[in-house]
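Based on the hints, put chains B, C and D in the right spot on chain A.
Number of protein chains: 4
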Amino acid sequence: MGVMRIGHISIKVMDIAAAVKHYENVLGMKTTHIDAQGNVYLKCWDEWDKFSLILTPSDQAGMNHVAYKVENDADLDALQKRVEDYGIKTEILPADALPFVGRTLRFNLPSGHQMRLYAKKECVGTDVGTMNPDPWPDDIRGAGVHWLDHCLLMCEMNPEKGINKVAENTKFMMEVLDFYLAEQVIVGPDKNMQAATWLFRSSTPHDIAFVAGPRQGLHHLAFFLDNWNDVLKSADVMAKNKVRIDVAPTRHGITRGETIYFFDPSGNRNETFAGLGYLGQPDRPVITWDEEHLGRGIFYHTGELNVAFTEVYT
Amino acid sequence: MGVMRIGHISIKVMDIAAAVKHYENVLGMKTTHIDAQGNVYLKCWDEWDKFSLILTPSDQAGMNHVAYKVENDADLDALQKRVEDYGIKTEILPADALPFVGRTLRFNLPSGHQMRLYAKKECVGTDVGTMNPDPWPDDIRGAGVHWLDHCLLMCEMNPEKGINKVAENTKFMMEVLDFYLAEQVIVGPDKNMQAATWLFRSSTPHDIAFVAGPRQGLHHLAFFLDNWNDVLKSADVMAKNKVRIDVAPTRHGITRGETIYFFDPSGNRNETFAGLGYLGQPDRPVITWDEEHLGRGIFYHTGELNVAFTEVYT
Amino acid sequence: MGVMRIGHISIKVMDIAAAVKHYENVLGMKTTHIDAQGNVYLKCWDEWDKFSLILTPSDQAGMNHVAYKVENDADLDALQKRVEDYGIKTEILPADALPFVGRTLRFNLPSGHQMRLYAKKECVGTDVGTMNPDPWPDDIRGAGVHWLDHCLLMCEMNPEKGINKVAENTKFMMEVLDFYLAEQVIVGPDKNMQAATWLFRSSTPHDIAFVAGPRQGLHHLAFFLDNWNDVLKSADVMAKNKVRIDVAPTRHGITRGETIYFFDPSGNRNETFAGLGYLGQPDRPVITWDEEHLGRGIFYHTGELNVAFTEVYT
Amino acid sequence: MGVMRIGHISIKVMDIAAAVKHYENVLGMKTTHIDAQGNVYLKCWDEWDKFSLILTPSDQAGMNHVAYKVENDADLDALQKRVEDYGIKTEILPADALPFVGRTLRFNLPSGHQMRLYAKKECVGTDVGTMNPDPWPDDIRGAGVHWLDHCLLMCEMNPEKGINKVAENTKFMMEVLDFYLAEQVIVGPDKNMQAATWLFRSSTPHDIAFVAGPRQGLHHLAFFLDNWNDVLKSADVMAKNKVRIDVAPTRHGITRGETIYFFDPSGNRNETFAGLGYLGQPDRPVITWDEEHLGRGIFYHTGELNVAFTEVYT
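If you read the sequences in order, they're chains A, B, C and D.
End of the first sequence = 1046 in my numbering, gap-free, step of one.
End of the second sequence = 1046 in my numbering, gap-free, step of one.
End of the third sequence = 1046 in my numbering, gap-free, step of one.
End of the fourth sequence = 1046 in my numbering, gap-free, step of one.
There is no bait here: all hints are sound.
As the list makes no split between identical chains, a pair holds if one copy fits it or if it spans any two.
List time: in silico DSSO-like cross-link candidates among lysine-lysine, alpha-carbon distance up to 30 Å:
1. Lys762 / Lys744
2. Lys965 / Lys744
3. Lys813 / Lys782
4. Lys965 / Lys762
5. Lys852 / Lys903
6. Lys744 / Lys972
7. Lys821 / Lys744
8. Lys923 / Lys972
9. Lys974 / Lys923
10. Lys782 / Lys972
11. Lys753 / Lys972
12. Lys852 / Lys821
13. Lys753 / Lys965
14. Lys744 / Lys852
15. Lys903 / Lys893
In case anyone wonders, no lab produced these hints; they're calculated from the structure.
For reference, chain A alone in the conformation it holds in the complex (with noise of 0.2 Å):
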């Protein structure tokens, strides 16, 4: 009852072939649709929904919206009216504005974000099928990714202001779409503002993230692997395909994932992530990291945030 998991993450390229190539070629994922205006709908191999991901030409990278989907389609109208009585305006999309896709709650988060969520989306099935299945298909290519895993999307933050978009979109996931809180960072002279936060719904240890940083944006898309050893061969086929890397392999203290940071060609930031990293469970007592610890938070061997990483976004 209520939202399961990231559905799909619709994104803008600035060039569309270099883009399918390097979402077929390093991650692995096939390309399911393409529409009349040109958007192209690639899924991963053990996803069963059509599509997790929708590329659409522009002349800028970002996000367009990120979409959830839901157990059942009367969930729509009971959130419906709890985001609307939370203050929030939003819209029911017929079923087929997006293809394969159902009818579809819209609004924006308190950041401004677009956020969706569904009920239906088109099941074709997993690579492996539902008889007798083998734990892995034959023709994995690239990295292999398992499935799009969670968005980490940057709020807007400005104490001078009083402005703090991660806190309030934490507290609207949290009490309108029944979110857990797994872990949060608090900094500020008196420790109490959210400056990042994870949380989830189903028992991994984030389905969204958000962390603060100047203006919104999107800071990265991510996708399953299942161990470390993914991590290093994910890290050798982008070597071997000249893809630009942010972070070579390394884990976080934050999730404990392990993980590379990495760049599509137009310079949307991808994550491979690999491990569950502990059980997402609503009472599993909440994760705080403190500015001091907050590098090892985030990159759990060196302890040192690159400039890039919080600065460069789209």
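Quick look at chains B, C and D alone, frame taken from chain A:
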């Protein structure tokens, strides 16, 4: 809302000192309480509640009960009504009927196994804490299992007498406790008998499993490891401790899990189970295994079931 | 100077097409030559010489000969003298007696197995080349084994008749071919019979091994994998290809190797063997296993030898 | 016959207590001796000789000497003659000039680094012993490195003055000490200057390496780990111990090694290096890297050299 995950399992052991040594030195759990009756309570380093395993002295092996944790105390009342309405008698145990545990709903599954639901257990925190935590503690012992992951219960199946407790349990868990079906084994001349099922409430492939056998029993209790390398370490630890191994490192076709089966000194089967496998989701298409592929479903590599695996349980 | 490593092995197969399919699709080798007699020559992607495996059509399985490569052509003359001086007859085969191979010293080990030494074989390069190479090629198939690593030969042992070909072979390899002893199994009432030995010339724990049995034969030929994760992938590949697995993933106590044993379609036993284990060195203290611990020496986890493993060979 | 492997390295440290803590708690070595001058001798658990690292108190960091072990005592005389004949002065140190070490041949490489060769050092055995050994001991600390694997020496290169100590060292090592060249970096307008070389005597890709720099020095000493998972554990251990990391987990293109670079408290660079990579063999085709691909040769994933890596050494 509703059941979150497995909370603990209470098992009988014939030599309590040997059992404690096994669960501490091989699995890496810590004793957190010993009650007046000599029952020993243990937890894993990555669990936050007071215990997940109760060892009770006995003259035989086997399970006393398995308990699942629900999100809210009020869930217990709602679920009691649903269980009773389904035609199963229930009882509410008062808080502290088990030490550190709140009021508890007790009933028997159709298979006869005792199940308990509770909402509260003393939270003592994981071994890495909640402020700027390390990904793992310094004093890991043995296999260093993260948490009690699931149990597999053997249920009576006798087609000639029309008895199939696997199907009855599965129906009950789905209709009354809102579990989702991840995978099933379908057998019989008409291919319509559920001989085994794997069900989840969290986003892992299974929180409980039922397999058909000649009589009711406990097949195994399973503990979570991060990955295949931890499975090797776990097997090495077993070898060093002269643990009786049932099935050496392999992969399950079902759940994709990487695994070892072995026995505690009383003969209760343990499993160290690694990897998320895939994301359990309400809308994930159910996977079905037929009789011809069952061997590979259980032990993917050899495709052969050893006799002990299906016939020996407690 | 002297023997460097195993160069190739020539084995008999009963269905050449099935064998080629096995070594290509499961192991990941490539056919590099087929001669007029229908013998098929294959190499692994990380080998630079023309071939490391010869499949010869036959009505039974087993080994024709095993060949080791020496560093310099002159080594052949020096070694011929030493072998002859030791009392073993030798023969020099002219260059191209085997295609792409230089002149070759042929003789039989005390156990009766045919061994060959050669200094030259056509070098065709690894699949990643020598200019700015990637760590692995893009078109890896199946398990993607790196190279032929070693073979294990079964040697007749009959204490009642005073026959111990393991000890005889070992003495010959050490005294004449300058091999070093890494590990040995010592059995018998007086604990003085070498029932198995592992010997090396490279810095790996073994380049050849001898184990006692009722008759001479080939126990297995082994291929190198990087690590335990590749062992899992290798086992998955075998499952997909319905390969008959003898022993699922486990660790050897002897050599510390991570391993799977399985059979080619003719019944020749293969091994995929992972990890360096330890550095083989002339001054490394020799490791000894006694009868009581032999099971764990072979299969470290279970400590149990399956009957097939010791009795079935070609 | 001849050089077998690196035997030990003697380095200068500015705070002996901090250094011992580092090599014991982070690397996992054990102190085996402290001499009257306060020099501390340590070994890794998988080494059998008395020590592989000597820490000497000093007011600066850097290397005193590096020592390689030869197979036979007589090799020292033969090699002395060859070194002298090559035009390099030598000296024979008596047994026990260094505690537990036999007579030692001392000379300077063309680059000015002091090298020593010895044939005997007290053998104390690995931590798992030689009778039915476990694959690893129970009391592993920190990263649990197996052995000192190699060192990389910075050698003066000044094309304008016609100085290339990399090439001079390489020629000496190959012609006099019978090392084999595994890989080289070739630079310059005429692509004829060896700016870096990797050489071996064992079957690993390198036992020593030389890289061009403005002045002579020690770039790093490297310790062996089994695999990429141990690299992650090693990085986690460094984070827990607040070790200064130079380069987080990545892969070398050269040698294929999986690696982390970090510093001891005095600023001597350490490496934990994992995996065999490939089998070093006299007849393996030499790998060459050109200037355009050098970045990827060093750090395969990002392809970028950080400034500190090439300019900071001791």
